[in-house]
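J.: Same order as they appear, the protein sequences are chains A and B. Residue numbers for the first sequence follow the working numbering, beginning at 1 and rising by one. Residue numbers for the second sequence follow the working numbering, beginning at 418 and rising by one.
Everything hinted at is true.
Derived lysine-lysine pairs resembling BS3-like cross-links, with alpha carbons at most 25 Å apart:
1. Lys-422(B) <-> Lys-505(B)
2. Lys-314(A) <-> Lys-505(B)
3. Lys-331(A) <-> Lys-505(B)
Far from chain B, by Cβ distances over 12 Å, these chain A residues were calculated:
4. Glu-6
5. Glu-26
6. Arg-160
7. Tyr-194
8. Phe-305
9. Lys-373
10. Pro-398
No lab work stands behind these hints: they were computed from the structure. Every residue, glycine too, gets a C-beta built ideally from N, C-alpha and C.
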Amino acid sequence: MKFALESFSKNSGRLGQLRIRDGASEQKTPLLMQTTKGGSIPWLGADVFESHVSQKPQVLEFTLSTMDQMAEALAQWNNQDRGVSDYVGFPGHQNVLLLRDPCENTPSGGNDRDVLPLFTRRGRGSLTAERYMEMVASIQPDMYQGLCDADTNAGSSNKRVQKSVDRTEKFMHYIYGEKNKVKATLLAPIVGGYNTFARTQSIKHAREQPSDSYGGYILEGFHSNGLTATALVPTQLLPIVEHCVKQLEEDKPRIIPGAYTPLTKLELIRLGMDVFDTSYAYCASYNFKALTFSFVQDGGEHVPFLDITDDAIKEEFTPIMSHCSCLTCQKHTRAYLHHLYKTNELLGPILLMVHNLHHYMSFFETIRESVAKDTLPQLIELVRNQNSSSQVDYSIAPNTKTITKASMSKGFAAAAV
Amino acid sequence: MSSSKIPPLTYKVVAECSVSKARAGLMTLRHSEVNTPVFMPVGTQGTLKGILPDQLIELNCQILLGNTYHLGLRPGIDTLKRAGGLHKFMGWPRAILTDSGGFQMVSLLQLAEIDEHGVNFRSPFDNSQCMLTPEHSIQIQNAIGADIMMQLDDVVKTTTTGPRVEEAMERTIRWVDRCIEAHARDDDQSLFPIVQGGLDVPLRERCVSALMKRQVRGFAVGGLSGGESKHDFWRMVDVCTDHLPRDKPRYLMGVGFAADLVVCVALGIDMFDCVFPTRTARFGCALVDSGQLNLKQPKYKMEMEPIDKECECSTCKRYTRSYLHHIATNESVSCSLLSIHNVAYQLRLMRTMREAIQRDEFPQFVRDFMAAHFKTDPIPIWIREALNAVKIDLPADLERKEDLKEEPTAEKKREHLVEEQLTAS
Chain A
1 MKFALESFSK NSGRLGQLRI RDGASEQKTP LLMQTTKGGS IPWLGADVFE SHVSQKPQVL
61 EFTLSTMDQM AEALAQWNNQ DRGVSDYVGF PGHQNVLLLR DPCENTPSGG NDRDVLPLFT
121 RRGRGSLTAE RYMEMVASIQ PDMYQGLCDA DTNAGSSNKR VQKSVDRTEK FMHYIYGEKN
181 KVKATLLAPI VGGYNTFART QSIKHAREQP SDSYGGYILE GFHSNGLTAT ALVPTQLLPI
241 VEHCVKQLEE DKPRIIPGAY TPLTKLELIR LGMDVFDTSY AYCASYNFKA LTFSFVQDGG
301 EHVPFLDITD DAIKEEFTPI MSHCSCLTCQ KHTRAYLHHL YKTNELLGPI LLMVHNLHHY
361 MSFFETIRES VAKDTLPQLI ELVRNQNSSS QVDYSIAPNT KTITKASMSK GFAAAAV
Chain B
418 MSSSKIPPLT YKVVAECSVS KARAGLMTLR HSEVNTPVFM PVGTQGTLKG ILPDQLIELN
478 CQILLGNTYH LGLRPGIDTL KRAGGLHKFM GWPRAILTDS GGFQMVSLLQ LAEIDEHGVN
538 FRSPFDNSQC MLTPEHSIQI QNAIGADIMM QLDDVVKTTT TGPRVEEAME RTIRWVDRCI
598 EAHARDDDQS LFPIVQGGLD VPLRERCVSA LMKRQVRGFA VGGLSGGESK HDFWRMVDVC
658 TDHLPRDKPR YLMGVGFAAD LVVCVALGID MFDCVFPTRT ARFGCALVDS GQLNLKQPKY
718 KMEMEPIDKE CECSTCKRYT RSYLHHIATN ESVSCSLLSI HNVAYQLRLM RTMREAIQRD
778 EFPQFVRDFM AAHFKTDPIP IWIREALNAV KIDLPADLER KEDLKEEPTA EKKREHLVEE
838 QLTAS
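Let the sequences and hints guide you as you build the complete structure.
T.: Structure below.
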């Protein structure tokens, strides 16, 4: 792995170049990894992603909780030297293996003894450090996170927070000892909830190791994944992140997974975070929200989302956004998307995800430009207020609307006269 | 009304099999050319499940089917009208065929009753009386704007016997006249009548005769994709194609499975539709020449080959059976990936048949197909008899020298049963 900083400023984020696997493409940071489920970008086959979202090399964010059953097949596949990205349809792309799916709420609990709970579709499994390293050896990702207990959030007790640090230390003790058995680059975990003392401990545990033991940091334990990350209060989150950053060396990338809002991500970038994921775009799509927030100053007021479930758009034959160049906005209308929602059709989330990923990835291009030109504060301001007089709300509420038959058209009944 | 105006449907026979009744044709519609024989995937609610219109164009799909009943409910006629029709609403630039809505009403609504006026039902939601008349079905289909529309027919269960069958056939003829009368867009849309008559040869013949007296640009054969025995099924298709005019396309509704498609092409059918390929994809099943692979089965967990090495679809170019095994029914993207493959399979099958007919090598194609499809299992008698009737002989049940790697016959029979259940609903 190679990480080189191009620029960094006190309060305006840093630009970097990250190459995770030798011979693969260099990726610019701040970087947006593609979150996946079962190895695939949610709803999008590789062909659809490449044709309609991006043909550029991506960094795929794999999650063990959605891929654990593939370990056996991947062991066999990797004997042919083809790589896990190839197995999931994206040959050549770099990848990072995480434990938990940032798109879904991770249940709490199961933190006994020396095992880590792994919540998969089939229920709760238990992962020992040994078993984890076996799976990493089978899957052979380019980069993987250290085994850690991240089951903490703003409301956790000190006891729980401390346990998460202690258990992580124990897991990592094993992993630092075994890491030479796998080729992949290790990410040192930093856990400890919102407790500055705990976080410092967790960082110390990592920095005690020889510098070449790991290639970067993964910061967890701020939320329970899923929508909980979109509801975080920045005044709580940012101080603790800043506290961590102060203790980290500059030349290692910092990865912070989760559906942080666009505004929170900007603040995290300002503090010095480098790598994020697209789980926010997933959460929006899943809850039938099209991202419409503006990141280019045009003087107009904007709103963060278009709610596809809103009956008001039933006959709006205009695209989600009039100047968006994505497939969904070029070829489809709000009315059609609303219809796909009402009929529970799979094409609905597909089209929404195409738009939301396109939008979010464009956002990150703008972020990198802003960091380069040192105009990040202006971008933060624009995203915060969207040119209105107050802050906009980027949190995502779950879509709890049920599709009732009463709202259906009368169909043939209209003729019954 | 000038004669120089191009009609909304022209059809010409491009090649005919010198042995059977198979033909290859070119149907030109307002929105697209369609090469026949053609399989029309079903996009019930204004979308094919999990497939982008662009992907369908890549697969060279020229025409798809929309269901009037579902579209009438959602998004509803008013929205469709304001959108400028279904093509614009769903962003599909090529051809569309709509059914009348009658079949869905009868099959989905247990409270439907048919009388001379139309199909009646009492809405279970608000107890209101609703009726679908021939006129109203045409009105809705005119608003949807499909290139081809179907008459409202009086459809009976294929297992029905007795005077009801004749009543339905006669009523269907009366209703086609009402449909023709109500059809307001004959310059843009073509209305097909539907041949009924159950499993009774004279009734079918009378129906074909009567319908041929009407000015229409194509014909459909209905009432034949339910639970009837295959022996009766093929005979009715054969009777219809014997009498229907040569120079107009014939559409067999609700068919289907690969073997049925091949036989019915041999019997002279040009157009087909079926939910089977897209529906079976949702259950993790992929279509191949030998039937279908249920990718959820443990044996595919470690198979690193694509579904079909010969298939050129985007799924087979990128994904292994192993990967698809793991995500089938777990990740919704698998539904898209398998649907793409299954539609590609059906379209490739039709294209291969067209090419064989054009080279006048269709009987050999049929023999090769049946061998690949049934492998070491005996070929069903009804298929032999149907092909025999159009002078295609199949070799005696084959003995292959390869290892018997395939599942025993009992399991294959169960698979076919599952297939039938999937399409019957």
